[in-house]
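Protein sequence lines, in the order shown, are assigned to chains H and Z.
Going by my numbering, the first sequence opens with residue 1, and the numbers climb by one from there.
Going by my numbering, the second sequence opens with residue 1, and the numbers climb by one from there.
Because the hints were derived from the structure by calculation, they are not lab data.
Backbone N, C-alpha and C define an ideal beta-carbon position, used for all residues, glycine too.
Listed next, the stretches of chain H that the computed footprint assigns to chain Z, with coverage defined by at least 3 CB atoms under 8 Å from CB atoms of chain Z:
no., region
1, 147-154
2, 216-227
3, 281-292
Okay, the calculated beta carbon distance ranges per label pair:
no., chain 1, residue 1, chain 2, residue 2, range
4, Z, GLY98, H, ALA193, 25 to 31 Å
5, H, PHE141, Z, ILE126, 28 to 34 Å
6, H, LEU285, Z, ILE126, 25 to 31 Å
7, H, PHE162, Z, ALA59, 28 to 34 Å
8, Z, GLY58, H, ALA193, 35 to 41 Å
9, H, ALA198, Z, GLU115, 47 to 53 Å
10, H, MET241, Z, LEU95, 17 to 23 Å
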Amino acid sequence: MRRLFVGVMTTVLVVAPLRAAFADAAPTLLASDTGSDTATDTGSDTATDTGSDTATDTGTNTATDTGTDTGSDTATATGTGTGTGRNSATTLEIALPEKPRLPPPVAVTPPTPVLSKAWSTTAADPLANRFIVLAAFGGAFMTIDGVGTNGMAIQPTLQRTFDRFELQTDLLLVDWNPRSNGGGHVLRLGAAARYQAARFRVSDLTLDAVLEAGAGWQRLMPDEGVVRNRADIEVGIGLRMLSRLLPNQASSASGARPIFFGVEAMVRLLVTPQRNAPNDVACVLAFGLPIGR
Amino acid sequence: MRRLCFVTIVLAALAAPAAADSLKFSSTIDFTIGALDVGTVHGFAAPGLHGEVGVEHGAWRVQGEVDTALWSIESRKPESGSFNRLGVGLRWYGLDFGSGMRVYGSVGVGRHRLEFSEIDVARNDIALGFGLAQQAKLGKARIGANVGLRLLVANAPDAGVLPRAVCRGGCAGPSAEVQHGDLGIMMVMGLELGQ
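This is chain H alone, in the form it adopts within the complex:
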């Protein structure tokens, strides 16, 4: 027992200082290595050691290894162990973490534009053909049987446009303010052919200058006296701003037509031929908000 204790103590007291003193040189002293130490890793990150490594390393190896992985699937890793003595480091197995696989590149196709031509009446000019409802309001300056008067007016209007050519029908109601020949109201049902003499397009906006000519049927309703009818002819000019509102995607996909919204002002000159009296004339100013499609 005493011998065992002495042996252990001797070992501790002798070997421990030696290990501490020769820690750096431990591989030299304690390790032996024969063969080449070049590890190559081909394939899927599993290093294989070519060469015969029969090394046993019981010391402290300060090995450095560098691994490079080229390619996504064919990773090669080279591990190099170097010792600081005659016997360089032993085999190193390097397992690089497997990179996540990226999906193969897919050709990206640009999304289909929302402005489908499916709902466009004419692919070249979607602002050209439309049906418009107009609630117009204004005033009239007129002569009735040669006596001048004026009054406020309302005029619901329908328009159908075929490119530059338009057809319009309207119902005009004018308050005929009393003058020497009395007062009353004038109701007029008219129709006109119109032509866009000039127009200017900015994106989904159109500015139109429209010339028109037409005819109408007037019904004079005086406060006193007899109601009578008469015909007239008219010429006029209109200025219009109309914008095309884009339908939503669902409407576009279903082939819905675009919607139009804008402002229109028109000036019209009416002439009423009379056989036994001077012709009556009227100037009607109307302003309205058109919507349609």
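Fit chain Z to the given chain H structure using the hints.
Only chain Z this time, still in chain H's reference frame:
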């Protein structure tokens, strides 16, 4: 009789929630300008306010209507009177262009009063309307705009109530009678608010 009342109440109680789902409240508040006549007296109504509050079901709206405006007579300016009206009406959205743009027509009945220094006329009327409305959803609410034309038709009062002083030119004499009903033509433009 009791059974009939009971069945009616039960049916109403069951039907009310279903109907309520499809009912929506909406309102209109408009600026208005126009011309209003009383017999041979032609007046100018502006500026004015026109309001509607109603319940929509599909393309229909049952609505209450209110109007108020200054009412002046051309020959008596700058003096002005007033125009006030209450009524009920029915609005129908007849043309739907999509994206909340609709054309509507309306019809209603009401009673209006025109007051001037020498005129005080209250009478029943029929209101006809036509216009364009656009609405957009904003959360749970709808907001939009409208522009429209309105026509008020009323019986002309007895010419005796109209003093000659407010007439101009060919004013009707005491015995004269207007041959047709009085007309009021108005333009409205404003906001639409609703559920």
